Structure formats: C-alpha cells, structure tokens
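Just need the whole structure built from these sequences, with the hints factored in.
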Amino acid sequence: MVKNLKLRLIVEDSISSEKKSLGLKAEHGLSMVIETTKPDVNILIDTGQKYNTLKRNIEALGINIKRIDVIFLSHGHYDHTGGLEILRETKGRITVIAHPEIFAPKFKIQPYLKYIGIPFHPCQIELLGGKLLLARNPVKIAEGIKTTGEIDRITEYEKTVGFWTVKEASFMKDLMRDDQSLVVNLENKGLVIISGCAHSGIINTIKQAQRVMNEKNIFAVIGGFHLINANSKRIEKTLDDLIKLDIFQVYPCHCTGKEAVTKFQRYLEERCKPINTGDAISF
148 MVKNLKLRLI VEDSISSEKK SLGLKAEHGL SMVIETTKPD VNILIDTGQK
198 YNTLKRNIEA LGINIKRIDV IFLSHGHYDH TGGLEILRET KGRITVIAHP
248 EIFAPKFKIQ PYLKYIGIPF HPCQIELLGG KLLLARNPVK IAEGIKTTGE
298 IDRITEYEKT VGFWTVKEAS FMKDLMRDDQ SLVVNLENKG LVIISGCAHS
348 GIINTIKQAQ RVMNEKNIFA VIGGFHLINA NSKRIEKTLD DLIKLDIFQV
398 YPCHCTGKEA VTKFQRYLEE RCKPINTGDA ISF
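Plus 147 on top of the position in the sequence shown (first one is 1) and you've got my numbering.
These are computed hints drawn from the structure, not numbers from a lab.
Since the model is a prediction, treat every value here as computed from it, not as a measurement.
We put the CB at the ideal spot given by N, CA and C, even for glycine.
Each hint should be verified, as a subset may be incorrect.
Label pairs and their in silico Cβ distance ranges [stated by the list, open to error]: (1) LYS320 with TYR414: 30 to 36 Å; (2) LYS380 with ASP299: 19 to 25 Å; (3) GLN412 with PHE318: 38 to 44 Å; (4) LEU392 with ASN284: 21 to 27 Å.
The structure is reproduced here in structure tokens:
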C-alpha cells in the first residue's frame with residue numbers, strides 16, 4: 148500500500164483567474180502528475196494536447212520533470228498524448244505504459260471526419276527517449292500502484308459511442324479498448340482511481356479497479372468521466388451507482404461535462420469537488 152499521495156493537475160480545460168495569474172494556461176486536454184511516498188514514485192499521467200502548454204505549466208508549478216519515473220497514457224486521443232515531446236527532458240530512458248491499441252487510427256465525425264489519434268509513431272516515442280510497455284492486462288508500477296488494464300464493460304448504460312477507427316481495411320466504430328486508468332491503494336483509506344476520460348464508463352472503471360486491487364473501499368475518483376455528451380438518463384444512473392459505491396471524494400474535470408458536475412454537486416454535496424488547471428490534492 149501507498150502511505151501518501153499528492154496529485155497536481157498540470158493541464159485541463161478550465162482555469163481560475165488566480166491560477167492564470169501564476170502563468171498557467173488552460174487547454175482542452177488532460178495531464179496530471181502524482182507523487183507518492185512509501186513507495187516513492189512520480190508518475191506523469193497523460194501529456195495534454197500540446198508540448199508547449201505542458202512545459203509552460205510544469206515550469207509554472209515548479210515540477211521537476213527529471214523526477215518523473217514513469218509515464219502512463221490513459222488512451223490514444225491527441226488531447227492526452229500530444230505533449231509527449233516532454234520525453235526529451237525526462238531522465239534517461241523512461242517507461243511509457245499504454246494499451247497496445249493506443250496507436251490504432253482514431254477518428255471523430257464532428258461535423259466532418261477528423262483524425263483525433265496520438266500524433267506520434269511508436270518509433271518516435273522511442274527516439275524521444277521513451278521505452279514503450281504496451282499491455283492489455285494490468286501493469287504493476289510499484290507496490291500499491293497498478294494500471295487497470297483493459298476494462299471490462301459490465302454496465303448496461305455505459306456505451307462508448309461517437310468514435311471511429313480502421314481495422315483490416317474496414318472503417319468501423321471504435322470501442323476504445325485502449326482506455327485504461329491508474330489505481331493507487333492508499334494505506335488506511337482505500338483506492339484512489341485516476342481516469343483520463345473513462346471512455347469505458349466511470350462505473351466500469353471503478354469496478355475494474357476493485358477487481359485488479361482486490362479492494363472494495365473507494366476513497367477517491369479523480370479525472371474525466373466523459374459524460375459531456377451523455378443524456379440525463381445516463382448521468383442519473385452514473386450518479387446512482389456512485390452513491391451506492393459510497394465513495395469518500397469525487398474530483399471531476401475535463402470531459403465530465405457541466406450537467407453531470409452540477410448534478411454530482413447537488414447530490415454528493417461536499418463529496419464532489421471539481422478541479423481545474425493548477426489544482427493540487429493531497430491524501
């Protein structure tokens with residue numbers, strides 16, 4: 148188990164005027180860093196959309212990029228992987244953990260066909276100084292810290308829609324099998340689940356984390372829940388399940404959406420705390 152955890156939100160879609168005055172910039176996308184003690188590990192979770200924004204915010208927050216031990220990529224969309232050039236500034240050859248389908252072609256039709264995948268080839272990541280570890284199953288990063296691996300789709304209402312890919316020369320729906328999250332088992336508290344977008348569904352993600360860590364107690368869920376385009380029925384069912392799971396703290400951001408966040412705050416009250424660019428959480 149992990150004794151302490153500190154998370155800092157490096158890049159996210161929104162920002163307070165206070166954080167903006169510190170030189171930070173908001174941008175569509177997500178990047179976070181976690182620092183744990185006992186074991187002492189620093190993990191960069193996703194890299195946002197652009198290297199320049201990521202670097203600017205890292206410097207403004209006083210984060211020492213040389214202390215990053217591992218990079219974890221939650222999925223293969225550009226707004227979570229575009230800043231991978233930061234690898235030039237990390238120490239030595241650093242492990243980059245992702246699902247093997249992260250490099251699959253990814254498209255969206257909004258209103259026309261547009262490529263939204265990772266803007267790097269595997270060999271480019273290696274040349275930048277990364278060592279790719281591509282796995283479908285959970286990866287143990289350190290004692291008490293694992294990736295979820297490919298997430299089982301259990302709930303009836305959490306459907307992955309609106310994304311497209313190409314497989315064996317056929318254009319088809321992208322079910323986002325590359326979507327993963329990071330899980331930390333916090334001593335005397337329970338699981339801290341950190342999602343990029345939760346394209347698999349945040350409830351599916353939580354249940355996967357419980358299975359992977361063999362732990363029922365959920366202390367906190369942090370990140371994007373991808374409910375921004377969800378209908379009211381899905382949001383309400385998600386909220387019902389979050390309440391049933393008796394989560395101590397929920398920290399939504401990025402693609403969670405205004406309607407979902409508003410409802411979460413109404414019913415979860417002080418247990419729901421939206422977070423933005425530059426915010427920090429310590430457990």
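Each hint tested on the structure:
1. LYS320 with TYR414: 30 to 36 Å: holds (32 Å)
2. LYS380 with ASP299: 19 to 25 Å: holds (22 Å)
3. GLN412 with PHE318: 38 to 44 Å: Roughly 40 Å apart at Cβ, these two residues keep to the hinted range, so it holds.
4. LEU392 with ASN284: 21 to 27 Å: Holds, since LEU392 and ASN284 (Cβ atoms, about 24 Å apart) stay within the stated range.
The structure shown violates none of the earlier numbered hints.
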